[in-house]
Structure formats: structure tokens, C-alpha cells
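> Going line by line, the protein sequences match chains C and B.
Position 130 (the first sequence) corresponds to 782 in this note's numbering; numbering is contiguous.
Position 22 (the second sequence) corresponds to 24 in this note's numbering; numbering is contiguous.
Possibly wrong hints are sitting among the right ones.
[Unchecked claim] Here are the computed distance ranges between Cβ atoms for each label pair: (1) T770(C) x K98(B): 26 to 36 Å; (2) C764(C) x K177(B): 22 to 32 Å; (3) H765(C) x P215(B): 16 to 26 Å; (4) E73(B) x E737(C): 22 to 32 Å; (5) E10(B) x H765(C): 53 to 63 Å.
Calculated from the structure, these hints are not laboratory results.
Glycine is no exception: its CB is placed at the ideal position from the N, C-alpha and C atoms.
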Amino acid sequence: MSRLLVVFLSVMLGSAIAHSDYHIPNLGEKATEFKDEGKEAHKREGMSHAASLILQRKMHPELLLHKRDKTLRQGVRGGYAQLKECVECHTSVDKNGEHVPINAPDQFCATCHEKVGTSLDCFSCHRTTPAEEL
Amino acid sequence: MKELNRREFIKNSTAVTASVATVASGISLTTFAAGPKETDPVTNEKRWGMLIDTNKLTEVDIEDMVSACQEEHGWGEETHSTGDQKPGWIKKVKVKDTATQRISNLALMCQHCEEPPCVDVCPTNASMKREDGIVLVDKHRCIGCRYCMMACPYDARSFVHEDLSNQKEHMPRGKGTVESCTLCVHKVDKGEQPACVEALNSDAVVFGDLLDPTSNIHQTLKRVQSTQIRADLNLNTGVRYSGI
Numbered sequence: 653m654s655r656l657l658v659v660f661l662s663v664m665l666g667s668a669i670a671h672s673d674y675h676i677p678n679l680g681e682k683a684t685e686f687k688d689e690g691k692e693a694h695k696r697e698g699m700s701h702a703a704s705l706i707l708q709r710k711m712h713p714e715l716l717l718h719k720r721d722k723t724l725r726q727g728v729r730g731g732y733a734q735l736k737e738c739v740e741c742h743t744s745v746d747k748n749g750e751h752v753p754i755n756a757p758d759q760f761c762a763t764c765h766e767k768v769g770t771s772l773d774c775f776s777c778h779r780t781t782p783a784e785e786l
Numbered sequence: 003m004k005e006l007n008r009r010e011f012i013k014n015s016t017a018v019t020a021s022v023a024t025v026a027s028g029i030s031l032t033t034f035a036a037g038p039k040e041t042d043p044v045t046n047e048k049r050w051g052m053l054i055d056t057n058k059l060t061e062v063d064i065e066d067m068v069s070a071c072q073e074e075h076g077w078g079e080e081t082h083s084t085g086d087q088k089p090g091w092i093k094k095v096k097v098k099d100t101a102t103q104r105i106s107n108l109a110l111m112c113q114h115c116e117e118p119p120c121v122d123v124c125p126t127n128a129s130m131k132r133e134d135g136i137v138l139v140d141k142h143r144c145i146g147c148r149y150c151m152m153a154c155p156y157d158a159r160s161f162v163h164e165d166l167s168n169q170k171e172h173m174p175r176g177k178g179t180v181e182s183c184t185l186c187v188h189k190v191d192k193g194e195q196p197a198c199v200e201a202l203n204s205d206a207v208v209f210g211d212l213l214d215p216t217s218n219i220h221q222t223l224k225r226v227q228s229t230q231i232r233a234d235l236n237l238n239t240g241v242r243y244s245g246i
């Protein structure tokens with residue numbers, strides 16, 4: 653009986669350690685703030701918040717691809733999907749008050765991209781933090 | 003309740019499907035129609051150009067133009083690039099007439115040709131000309147083959163040889179792509195003037211729409227003698243010079 657208890661306890665302990673070691677992603681402090689405040693980011697007219705969030709999660713590459721060609725090649729400025737707007741809200745600020753690059757490990761873009769193993773090429777050229785105030 | 007026979011069942015279900023489809027398409031139509039307003043694409047009713055008067059332009063002026071460009075676009079601080087590898091979107095060029103020994107200084111950048119050789123040679127359509135005449139590199143498509151650099155008669159393009167960070171928000175730049183003067187397209191789209199023209203703030207460099215008869219550049223070009231560099235190539239450049 654005592655042997656069974658030892659086995660049971662060790663299993664419990666093991667699972668507790670495994671759980672505490674579980675990698676908790678940091679999706680950007682700012683994004684968490686948004687959620688806490690209940691701000692409806694990405695709310696599009698005529699679409700529920702949930703629907704527009706799903707649209708954003710599933711289709712952000714398509715939205716951005718479409719926009720980048722229109723902006724660069726046709727000169728269509730402004731509008732809904734802009735990479736700099738993504739960066740504006742979804743970057744975190746570290747202890748020293750400086751912005752953490754959005755493509756750094758555990759940050760907003762990298763968390764999902766690392767998980768699904770897709771490369772994140774936007775930021776080899778694009779700025780990874782919001783523009784400094786002038 | 004009345005029992006439905008096969009024919010009635012099909013009839014009813016078709017009517018229901020049709021009405022659902024009508025309503026649903028109405029909903030999706032309104033959803034897409036409610037998107038935010040965007041500006042219209044640029045058209046060929048405009049052609050942006052620049053006139054540089056080398057008689058009025060001093061060497062200091064050209065240096066000011068170069069540093070304004072560097073500040074606007076964030077190039078010139080590449081630490082690992084050496085000599086020829088360093089980018090130069092706009093350069094100070096000294097030309098000397100061998101017969102008369104007359105020296106003039108020019109600011110030389112992408113000439114925004116109407117028939118750009120860089121666009122002709124690009125294998126991926128990355129090198130492109132916008133409808134309003136501004137020649138750009140679409141870095142999303144650029145594979146860094148540098149054919150355009152070979153093709154350009156003005157040596158206006160440069161290649162990024164090193165990893166960069168902290169780029170300007172409006173000017174993404176990255177290793178392995180070609181870049182050149184964009185005629186400050188981000189400012190022009192907002193109705194402003196290119197950074198080098200703003201920095202100088204004199205009539206030595208005039209920027210504007212070449213096709214608009216009321217524009218300053220159109221009227222100046224009508225009045226003064228001007229030339230294109232390598233006019234023999236028939237590229238019909240957007241950047242013109244007077245005094246050389």
C-alpha cells in the first residue's frame with residue numbers, strides 16, 4: 653500500500669513540475685491590456701467582434717499581402733490592414749520603458765509563427781517597433 | 003399534418019435554400035461595403051519630375067540634399083559595408099568640360115525614366131514604374147540579382163549588404179534587396195515635396211507635376227533651357243538639369 657502511495661505521490665509531483673515548466677507565451681503586454689480593458693480592437697463595421705478577430709487570425713497574411721501590393725504598386729494609402737498599425741499596438745514595453753521588437757521570441761508575432769513553424773520575413777525589412785516620437 | 007410527397011419536398015427545400023442564399027449574400031455584401039475608405043490608385047494623369055539648376059546649386063547645397071535624404075530614409079549608417087558596397091541614393095557628382103575646363107556639380111539620383119532600363123531587365127517584376135512615373139523597387143519581390151544595377155546608366159541603385167534594424171517606418175530596407183531614390187513617394191502621396199527639395203527650399207531644385215500646365219516645374223521647363231543626362235538613350239527622364 654505504501655509503495656502505491658509513493659508511486660502516486662511521485663506522479664503527482666512530476667506532473668506539478670511539468671506544469672510549472674509549461675511555456676506560457678507572452679502575446680505582447682499591450683495586447684493583453686487591450687483585452688483587459690475590453691477594447692474592441694479589429695472591430696469592423698457590420699461584423700461581430702469575434703468574427704473580425706477570427707478573420708484577423710486566419711487571414712492576416714492575405715489581408716497584408718493584398719494591401720502591400722496596392723500600396724506599393726498603385727499608391728493606395730491608408731485603409732484597414734497596415735503592418736505599422738499592427739506593430740503600433742502589439743509590441744510590448746520592457747522594464748526600461750523601451751519597446752521590444754515584435755518578432756523577438758515570445759512576442760506577439762513570433763509566438764504563433766514559432767509554434768506553426770512558418771518563417772516571419774516581414775521584419776527583415778520592416779521596422780519591428782513603433783516609430784519614435786519626434 | 004399533411005404528408006409531403008417527393009416533388010413537394012424538393013420544391014419547398016429549393017425555395018428555402020434560395021431565400022437563405024439571397025439573405026446571406028445581402029449580409030456579406032453590406033459587410034464588405036462597410037470597409038474603411040481608401041485613397042484611389044495613382045493615375046498617369048500626373049508625372050512627377052524634378053528640375054535641378056546646377057548654376058544655382060552650390061556644393062554645400064548638394065551635401066544638404068544628401069544628408070536630408072539620409073535622414074529621411076535612414077541610409078548611410080551601414081557599418082559592415084565597405085567602399086562600393088555603401089548605399090548612395092543621391093550623390094554629388096562633379097563634371098568637367100574637357101574643352102572649356104568648366105566644372106559643374108550635380109546631385110545625381112534615380113532619374114525616374116519613362117522607359118526605365120531597370121524595369122526592362124528585372125526578372126521578377128520587382129523593379130517597377132508607378133502610373134505617375136515614379137520608379138520603385140518592390141522589395142517583396144526583389145531577389146537581389148542586381149541586374150537593374152547593371153542596367154541603370156546613372157548608377158543610381160545600391161544593394162543592401164548587411165542586416166539592418168531600426169529602419170524608418172515609411173521606408174522598409176533589408177539585406178539582399180536593391181534600393182534607390184523613391185522620389186519620397188510617401189511624402190508625395192501626402193501632397194508634400196521630397197525631403198531633398200524641402201531641405202534646400204530654394205528655386206535651385208523645383209519639384210512638381212510635369213504634365214500640369216499650371217505647375218511651377220512645367221512653366222520653368224517651358225522658359226529655361228534644360229537637358230536630360232544621357233538624352234541619347236531616349237529614356238525621357240523625370241529629373242532634368244539646367245546649366246550643364
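> Which numbered hints turn out to be false for this structure?
As far as the earlier hints go, 1 and 3 are violated by this structure, in ascending order.
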